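Asker: For reference, the chains in residue letters:
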Amino acid sequence: MKIRFVAGLALAALVPVLAYAAAAQKPVLDAYAVAAKAENTGFSGFSAERGKVFFLAKHDAASETPSCTTCHTADPTKSGQTRAGKDIAPMAVSKTPDRYTDAEKVEKWFTRNCQSVLGRACTAQEKGDFITFMASL
Amino acid sequence: MQKSWAYLVAGSVALLSVIAFGAGSVSSATPAPDPTYVKECSACHIAYPAQYLPKRSWERILGTLDKHFGENATLSPKAVGPIKAYLDAHAADSVVGNPRTLRDVPASATPIRITEMPFWTRAHAKLIARKAFDVPKVKSGANCIACHRGAANGRFEDDD
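In order, the protein sequence lines correspond to chains A and B. The opening residue of the first sequence carries number 1 in my numbering; numbering runs sequentially from there. The opening residue of the second sequence carries number 1 in my numbering; numbering runs sequentially from there.
No wet-lab data here; the hints were simulated from the structure. All of these numbers come straight from a predicted model, not from anything done at the bench. Among the clues, some could well be false.
What the hints assert, rightly or not - Here chain A is said to cover these stretches of chain B; the calculated rule only asks that three of the stretch's residues, wherever they fall, bring their Cβ under 8 Å from a Cβ of chain A:
id	stretch
1	43 to 49
2	61 to 75
3	125 to 135
Just so it is clear, CB atoms sit at the ideal spot from N, CA and C, and this is done for glycine as well.
Chain B with its partners taken away, still in its complex shape:
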């Protein structure tokens, strides 16, 4: 009797591990690999995935770092080059095919907040309605990692 319990527990643990591992390996966004981008752009917030904004948006952000959402975030000239190259190469409109992150973004618009992108507001509609981003622990939609524990590594699953 005791032995069958042990089997059951061992089996459940194995099954849960498989589920957990499976969930962890599903990637909706690739990690940010450029070391300069990660070093310079993840001190105050996570290194946001490049494919969450189009090239023109990243260019505007890089061009206005002295007024970066209310703070001065200027970069040394030597850091700008690799960061711009990385963002250009991996921006939403550099992704092959028809990336879902660009859906419903007019060509005339240059959004600078990921939280204004239609893919983002759609995915978070229920939470926005519940004012879930206003609680002190979250602070704002910019704080991905408050809910998506794997966000710094490019993982944004629903169940994180």
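One chain only, chain A, in its complex shape:
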């Protein structure tokens, strides 16, 4: 009886561990979902499709970097290049699995690049949509 209980407990503990292993980006996405709810009570989840539109859009806030694709190219499974000529690892999670797993790093680059490309901070909704799109590829 006791053994069965312990085994059940161990299994129950394993399920979320496996889910996280399959989606290393979940903690970062969960945090953005909390922030998105705080920004907008009507928040109804993230969308890969909206993330794709956002990624490909020409925002035109700056002539040097009018779009995400200026440096990352329009294909997130391919390497990009900085304006100074350095390679950027693909943005798609399937190609660069450790992307969007370090919350501090993710925030640093959204902070910089949203200002560079959009001329403003991104919303949590936009960040979550972006990551959801990159995780879907």
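The hints should help you fit chain B onto chain A, whose structure is shown.
Answerer: Then chain B, alone, in the frame of chain A:
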């Protein structure tokens, strides 16, 4: 006959290795050792050698990171301290003696591009004249590593 060929080949290989090793060990600029500087300032470009600009230039760059050559490159407050300390300690005017990187830079000038420094334009004059920096593979003079393969480790020999 075959044996002497083998000797000749072995000798040439040894000689070439010595030449290659000799060239690799000559350093015109020391590597950037500060880990915060390397981590934070080499994502978009190489960690440029601190001695290629004077202190006042690095200060201006650190003070305008929200508009860093057309991009926002703001740092977290905790990263700024070690980076500023490193750049201060190794800037052109912190180098003992009369560093060649400061030659012909007026004290009143605060250049923020290494490619505007007289030592740089002198060294690259022929390439500038040939518009060698405009080709897509190079993009600009900021892309040192396109030609100087050892640039990320502070090596900028002519033959790289």
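Asker: Could you run down the list of hints and mark each one as holding or not?
Answerer: We went through each hint and held it up to the structure:
1. Coverage of the stretch 43 to 49 of chain B by chain A holds in this model, with 4 residues showing a Cβ closer than 8 Å to a Cβ of that chain against a need of three.
2. Remark: the stretch 61 to 75 of chain B is confirmed as covered by chain A, as 7 of its residues place a Cβ nearer than 8 Å to a Cβ of that chain, reaching the required three.
3. Taking a C-beta to C-beta cut-off of 8 Å, the stretch 125 to 135 of chain B contributes 0 residues in contact with chain A, too few for the three needed, and the coverage statement is violated.
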